[in-house]
Amino acid sequence: MKKRVLTLALLSCFVAGSATANVAINGFASIKGGMTTGSDEQLYGYDDDFNLKNESLFALQLKADLGDKLSVTGQLMGRGSKDFDVGFEWAFITYELADNMHINAGRLRTPFYKYSDFKDVGYAYDWLRVPQGVYGFGFDNIEGLSFYRTAELGSVESTLQLVAGAYDGKATISGLEVDAEIKNIVGITWELTQGNLSGRLAYLTGKATVDAAAASLAENFTIGNLFATLSSLGLSDLVSSIDIQQEKGTFIGFGLTYDNGDWIAVSEITKVKVANSFIADQNNYYVSVGKRFNSITPYISYEVEDNESRDELFQPYQASLPMQLLAPVQGLVRSQERSAKTWNLGARYDFHPSAAFKVQYSSEKNDTSGVRAGLIAVGVDLVF
Amino acid sequence: MYRKMLLSTLLVCSFSALSNIVVIVNPANESSISAEEIVRIYTGRSNAFNAVNLAESAPLRAQFDEKGVGRSSAQLKAHWSKLVFTGKGTPPAELASEEAVLDFVANNPQAIGYVGADKVTSAVKVVHTIN
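Chains as they are written, first to last, in this note's numbering: chain A, 1 to 384; chain B, 1001 to 1131.
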């Protein structure tokens, strides 16, 4: 309902404003296809049947300048993975406080990573996709406020962003889509650039609540059933140390970029923690190097995911808890364990002034399960 | 005959334009503008002036992107798409011809643009030359 009101309000802004306001329409699109290299392999939503839908997307952005430093921006996007159902990915108003300061209010991108803001605009970077080992966190958008300020500190350019808001939507836990809510999100990102070098720091916190009750642990046995059984045995302490009810979540990200026009090197390190929950502490990073040869940019990157399950949650109960209850608790906590390494090799080819062809081979080795998966993908990213 | 002469003059002009580019401002503009400031203006890091660009189809555009801003046209377009689709900036307006740029700069005190060195008129002021 809230969303519908927002949509209507924005639409009426565009319609009412169009007579006088200066409306700019831009768009971007990606058509990508891929398949895994082995019959039993799956990666990023692909299997060994060639699929052109999974990572394709189409977006249209309308920005209406209402004059007097006020503008309204809406970005409508349809993703192939969601059957190209169109929705507002972004919808916000912008008020310019000064030349180097503005405030955005509405639906915004959560600024976790260096490429968060434009990760869907494939044309803006060389990779076929942003490194999933780091960028696969979810919670892409928030509803809230963002303050943005640029400044020059001598020869260093500073970009500071403060955000506050909330997330109310879906999250994926153990492969199941569940309702998630993060309240009281506050965050700061600070990027410093000097010449070819830039560094970025991000820190965000929030109170996370995830309703994972419907996620099943075994046949006819859900997380909800488990928590109810444990509570009825007087083990509510255990339940509250595992469930995700108003738990403090923190995100820390650090990024470094070197780009001299020919060589481009990027690295990001992230750390995610959700206190008092079965969510594992996540420590991920990637390193990427590319070299531009006129219109062709080959690159190589390496991603590491290290999610260490919080075994200390069930260890004190190992002696006391009956096996039929210990096993699902242990299973739930251990399901978050993940250690994976991914190599990517690819190239961008600027074959047209507004479009780039991309090809990327990714090979992921999951050390937790011992499974390896290879994926070859090609695609075209364009802006208009 | 005259037309042919005009045409060949135009051709000569457009070829000679590939050698030198001049960055121009309105004569009323007293600022001195460095090469770094030009890069900042055309990458969206400075809003001090009302900048205009030549259309992508103009041969001078690629040359200006490469030598004036220091990035290929594709790199600059990728850079601007980051700003446009995150609501952080709008690229300089694109004008169809060098004449249109001269016109715009001559009539807007805050304007900055560029044309081939041979196209410059007294209605604008040259602040920087790119070889």
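Honestly, the hints are just simulated from the structure, not real lab data. For each residue, glycine too, the CB sits at the ideal point set by N, CA and C. Misleading hints may appear alongside valid ones.
Heads up, incomplete: computed chain B residues facing chain A, CB under 10 Å, no partners named [said to hold, decoys possible]:
1. Arg-1040
2. Asn-1047
3. Asn-1050
4. Val-1052
5. Asn-1053
6. Ser-1057
7. Gly-1070
8. Ala-1074
9. Ser-1081
10. Lys-1088
11. Asp-1103
12. Asn-1107
13. Asn-1108
14. Ala-1111
We went through each hint and held it up to the structure:
1. Arg-1040: holds (9 Å)
2. Asn-1047: holds (5 Å)
3. Asn-1050: violated (13 Å)
4. Val-1052: Since the shortest Cβ distance to chain A is 16 Å, the answer is violated.
5. Asn-1053: violated (13 Å)
6. Ser-1057: holds (9 Å)
7. Gly-1070: OK, holds: B:Gly-1070 within 10 Å of chain A, min 6 Å.
8. Ala-1074: With Cβ-Cβ at 4 Å, under 10 Å, it holds.
9. Ser-1081: holds (5 Å)
10. Lys-1088: holds (7 Å)
11. Asp-1103: Hint violated; B:Asp-1103 Cβ to chain A Cβ min 21 Å, cut 10 Å.
12. Asn-1107: B:Asn-1107 check fails; min Cβ-Cβ to chain A is 19 Å, beyond 10 Å.
13. Asn-1108: With a minimum Cβ separation of about 16 Å from chain A (threshold 10 Å), the hint on B:Asn-1108 is violated.
14. Ala-1111: violated (17 Å)
In the structure shown, a violation is registered for the earlier hints numbered 3, 4, 5, 11, 12, 13, 14, in ascending order.
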